[in-house]
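Chains A and B, in that order, give the protein sequences.
Going by our numbering, the letters in the first sequence line up with residues 2 to 490, in that order.
Going by our numbering, the letters in the second sequence line up with residues 2 to 490, in that order.
No lab work stands behind these hints, which were simulated from the structure alone.
Worth double-checking, as some hints may not be accurate.
[Claimed, not checked] Result set (DMTMM-like, lysine to aspartate or glutamate): computed pairs, CA atoms no more than 20 Å apart in a straight line:
hint: 1; chain 1: B; residue 1: LYS249; chain 2: A; residue 2: ASP380
hint: 2; chain 1: A; residue 1: LYS396; chain 2: B; residue 2: ASP25
hint: 3; chain 1: B; residue 1: LYS116; chain 2: A; residue 2: GLU346
hint: 4; chain 1: A; residue 1: LYS238; chain 2: A; residue 2: ASP465
hint: 5; chain 1: A; residue 1: LYS116; chain 2: B; residue 2: GLU346
hint: 6; chain 1: A; residue 1: LYS238; chain 2: A; residue 2: GLU265
hint: 7; chain 1: A; residue 1: LYS370; chain 2: A; residue 2: GLU415
hint: 8; chain 1: A; residue 1: LYS249; chain 2: B; residue 2: ASP328
hint: 9; chain 1: B; residue 1: LYS157; chain 2: A; residue 2: ASP328
hint: 10; chain 1: B; residue 1: LYS97; chain 2: B; residue 2: ASP6
hint: 11; chain 1: B; residue 1: LYS352; chain 2: A; residue 2: GLU111
hint: 12; chain 1: A; residue 1: LYS396; chain 2: A; residue 2: GLU346
hint: 13; chain 1: A; residue 1: LYS400; chain 2: A; residue 2: ASP465
hint: 14; chain 1: A; residue 1: LYS299; chain 2: A; residue 2: ASP373
hint: 15; chain 1: A; residue 1: LYS249; chain 2: B; residue 2: ASP25
hint: 16; chain 1: B; residue 1: LYS249; chain 2: A; residue 2: ASP328
hint: 17; chain 1: A; residue 1: LYS352; chain 2: B; residue 2: ASP428
hint: 18; chain 1: B; residue 1: LYS440; chain 2: A; residue 2: ASP328
hint: 19; chain 1: B; residue 1: LYS396; chain 2: A; residue 2: ASP25
hint: 20; chain 1: B; residue 1: LYS400; chain 2: B; residue 2: ASP373
hint: 21; chain 1: A; residue 1: LYS157; chain 2: B; residue 2: ASP428
hint: 22; chain 1: A; residue 1: LYS440; chain 2: B; residue 2: ASP428
Number of protein chains: 2
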Amino acid sequence: MLYDDLDRMFAPKSVAVVGAKRIDPALTYLGMFGAIQQSGYKGRLYPINPKLKTVNGVKAYPDLLSLPEPVDLVIISVPAPAVPGILKDCVKTGNKNIHIFTAGFKETGEPTGLKLQKEIEDIAVNNGLRVIGPNCMGICVPELGLGTWNNPIDLKGPVAFVSQSGGHAQDFSNYAANFGIGFSKIVSFGNALTLDSTDFLEYLSQDPKTEIITMYLEGVKNGRKLLGLVKDINKTKPVVIIKGGLTKSGTKAVASHTGSMAGEEHFWNAFFRQTGAIRAHSLEDMAHTTLALLRLKKTRGKGVCVFGTGGGVVVAISDTCSRIGLDLPPFSPRMQRSLRTFVPEAGNMIKNPLDAHHILLEADKYMAKTMDLIYEAPDIHMAIISLHTDWIGPKFMPKVTSAIKTIIPGHLKEKPFVVCWRQTRHDPETRQAAEVLEKELLDAGIPVYRSFEHAALALARFSDYHLYYQFQDRVNKNLFKGEEMKLAS
Amino acid sequence: MLYDDLDRMFAPKSVAVVGAKRIDPALTYLGMFGAIQQSGYKGRLYPINPKLKTVNGVKAYPDLLSLPEPVDLVIISVPAPAVPGILKDCVKTGNKNIHIFTAGFKETGEPTGLKLQKEIEDIAVNNGLRVIGPNCMGICVPELGLGTWNNPIDLKGPVAFVSQSGGHAQDFSNYAANFGIGFSKIVSFGNALTLDSTDFLEYLSQDPKTEIITMYLEGVKNGRKLLGLVKDINKTKPVVIIKGGLTKSGTKAVASHTGSMAGEEHFWNAFFRQTGAIRAHSLEDMAHTTLALLRLKKTRGKGVCVFGTGGGVVVAISDTCSRIGLDLPPFSPRMQRSLRTFVPEAGNMIKNPLDAHHILLEADKYMAKTMDLIYEAPDIHMAIISLHTDWIGPKFMPKVTSAIKTIIPGHLKEKPFVVCWRQTRHDPETRQAAEVLEKELLDAGIPVYRSFEHAALALARFSDYHLYYQFQDRVNKNLFKGEEMKLAS
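Chain A on its own, in the form it takes in the complex (with noise of 0.2 Å):
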């Protein structure tokens, strides 16, 4: 059972590193036995370095026939030319679940290195290895304190991150951390060598821990199993992938990357309409989709209002929102009607976006008031609160946090709403108050961003997804009509 295997594997109860170094002053990482001990892995964990007694201050074994027991997870950190060897003693203990760490295989695109490929390939395949990498950071679960660099993230949750890219493991993890995004599981795999994306894929289709799968893919051994597994996944956990290499010099900086053969521009384009998986741009943009897809509950539609101020802002804010494909719906004379009682006429514009700073300097008399006028409105499904930290200024910022921490009740669920801020002035009490709205709206469950773009681009994403299973229910129901297919456009 895949399942059961790879559940061994991402919850070891005990974990070996062949090739554990002390730690090295002089080097900024700490090596993966050094990692894994800081992070605060609580299972057993065995050094296996045939030239020390100790490593940190743990007993070492010369080799993986002398432990005392075959480990849920053995990590190889040797030198490539001694990788072989390795995983022959691998096959002598019974130890089938391995990640190797070491580099320097078919990524370097020289006879040396891919030949040393093969040869691993022939021992794991033969022999029924479940191979993660090579060339590559391996697992990380937060849960268990369990992480192969300095310093991973320690908050769990049910996000899961699958990565061509160590790099990629560490930086979005610790990106994401930073808006209260905590994950289930990471797993970097490299080159690939038995385990691919499709594997993790299953796996954390069954993983009860596990509720959105996020994944950055350079190459995949077979497409058609993939889109078979994420049109089926997504429907219940979705799935935001990066597809890195896509350009022609992303598709060579590739090759020497895992030796993965990219480009096919086609196919990823077809892939993500079948599947209705979510397409990211980058780590951020990536963290941005989670946020929203994980905080707020679904839409109806694209129709969005926009709390702005000023009418530069405004301008921006409504050429953005066309750009990415959300709708601005005008206010019916009723809903403006009704503004007008509360929000003067002088410096506000009762339009969709609104520019009403008085809303915003009275948050705790309009704001709900505003929010319960948008709640009626039959075209607006969303709304985003467009704060900007410089025009409010930091005396006026704890109001506007509470008043819309006093909104989330009533909304937040059925009309979701994020909030984005900006700030251009260099001023450091105005920032420290940003900092804090922001943490303590994040903290209340409210996605929040750092600038408009990334707000209205995570809504548009986040609408699609729940747009595009209504699409395809109604099509399915027979119940279409002509004015669905905006939904789908």
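Assemble chain B onto chain A, guided by the hints.
Leaving out everything else, chain B in the frame of chain A:
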């Protein structure tokens, strides 16, 4: 003479504020008069308000007629219906240079506002008044301590900003100042009653203190005139333009903001092709491009060498360069051999982008050597040093900073380079070290950006600008050869 007239407005020895109010502690905005006082204007400043004896400690006058002199600039800040009367006072007193702050005219789209705009237009045109506005923030000149909003920037420099939005005037100058970009003149001109962007352009083209002109435009009255002016001026003073309101939603927003007709995407596409002006897509983007234009001399091509770190990052860098239109020429075998003499094989890829963390960690030894090799490579025209501060760590940052500084004299002018940094992990110590690095390098005249994408986009625009004229020059001299085509593509 337009130049002399506008020069009096932009360097006024005396200013009167009609409708000057006392600072209201309940409001965040200081008001026109309070803001000019706060910004440190040294000229003669007259508050006009018939209901007050003094305004913020300065003797008030009841009207323009009672002033001791005609002033170089009259600022009108009274309710819209009172504006025609004040303009008539201007005519009576020989005051010709006027800024109307007041909103409530054409931009409302309402009969009252449209009628009022027609009325003030007639008075202005029939009496030769030069009017900035209505519905705008007017003039900011850091050198004179003249500013009409709270906390205007005080950094003088060679960049001018002509903006149809007052909010953008503040935001752009604040954001740009963070990069050490100083301003000669900033003007927010709103509904453009008599003075339009073309007038300000003509003035700035002759202004000896302005070397780069940035613009935010929503609409323009005379497109042909704008095209001719920009085509001419851009040859000697780069013109960077954001055009707001090109989308469907944006066009509607522009109508409510400054009452302009936006849209006409085809016109604007042709405009940028024919003038060679640089198109920016956001205030941030415009500031990044301005920084490159300001600090870097010129380039002979779009070949860039990137110092990066990490395989996934290198793929992202490559995809970004392809998408943005920068070339990543492969290193010659000779250059690769030279790099191999000091860059070890393990974990360092001698390709372009260069994945060589080693060079950064031993920056004092290897940075200059690497730059010398880049300098010799004929198809590399520029470089980007991309720093991942999480991986470099706060201890190594000062070494990297000083190594980068040492390479400036030999390179910045001949083969321009920029630096970018990113941090994904929440770590105040690293963040602080990165901000110190950023400040030191900016102070040393090196463009520094907070993401690779920003750096690449700025270099792409910078090189587009220079190659536009180099290409034209070759065509004009009949030196055109087939391979030159790629310069212009």
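Consistency of the hints with the structure:
{"no.": "1", "hint": "B/LYS249 with A/ASP380", "result": "holds (18 Å)"}
{"no.": "2", "hint": "A/LYS396 with B/ASP25", "result": "holds (15 Å)"}
{"no.": "3", "hint": "B/LYS116 with A/GLU346", "result": "holds (18 Å)"}
{"no.": "4", "hint": "A/LYS238 with A/ASP465", "result": "holds (15 Å)"}
{"no.": "5", "hint": "A/LYS116 with B/GLU346", "result": "holds (18 Å)"}
{"no.": "6", "hint": "A/LYS238 with A/GLU265", "result": "violated (26 Å)"}
{"no.": "7", "hint": "A/LYS370 with A/GLU415", "result": "holds (16 Å)"}
{"no.": "8", "hint": "A/LYS249 with B/ASP328", "result": "holds (10 Å)"}
{"no.": "9", "hint": "B/LYS157 with A/ASP328", "result": "violated (41 Å)"}
{"no.": "10", "hint": "B/LYS97 with B/ASP6", "result": "holds (9 Å)"}
{"no.": "11", "hint": "B/LYS352 with A/GLU111", "result": "holds (14 Å)"}
{"no.": "12", "hint": "A/LYS396 with A/GLU346", "result": "violated (25 Å)"}
{"no.": "13", "hint": "A/LYS400 with A/ASP465", "result": "violated (33 Å)"}
{"no.": "14", "hint": "A/LYS299 with A/ASP373", "result": "holds (18 Å)"}
{"no.": "15", "hint": "A/LYS249 with B/ASP25", "result": "violated (60 Å)"}
{"no.": "16", "hint": "B/LYS249 with A/ASP328", "result": "holds (10 Å)"}
{"no.": "17", "hint": "A/LYS352 with B/ASP428", "result": "violated (41 Å)"}
{"no.": "18", "hint": "B/LYS440 with A/ASP328", "result": "violated (41 Å)"}
{"no.": "19", "hint": "B/LYS396 with A/ASP25", "result": "holds (15 Å)"}
{"no.": "20", "hint": "B/LYS400 with B/ASP373", "result": "holds (19 Å)"}
{"no.": "21", "hint": "A/LYS157 with B/ASP428", "result": "holds (19 Å)"}
{"no.": "22", "hint": "A/LYS440 with B/ASP428", "result": "holds (16 Å)"}
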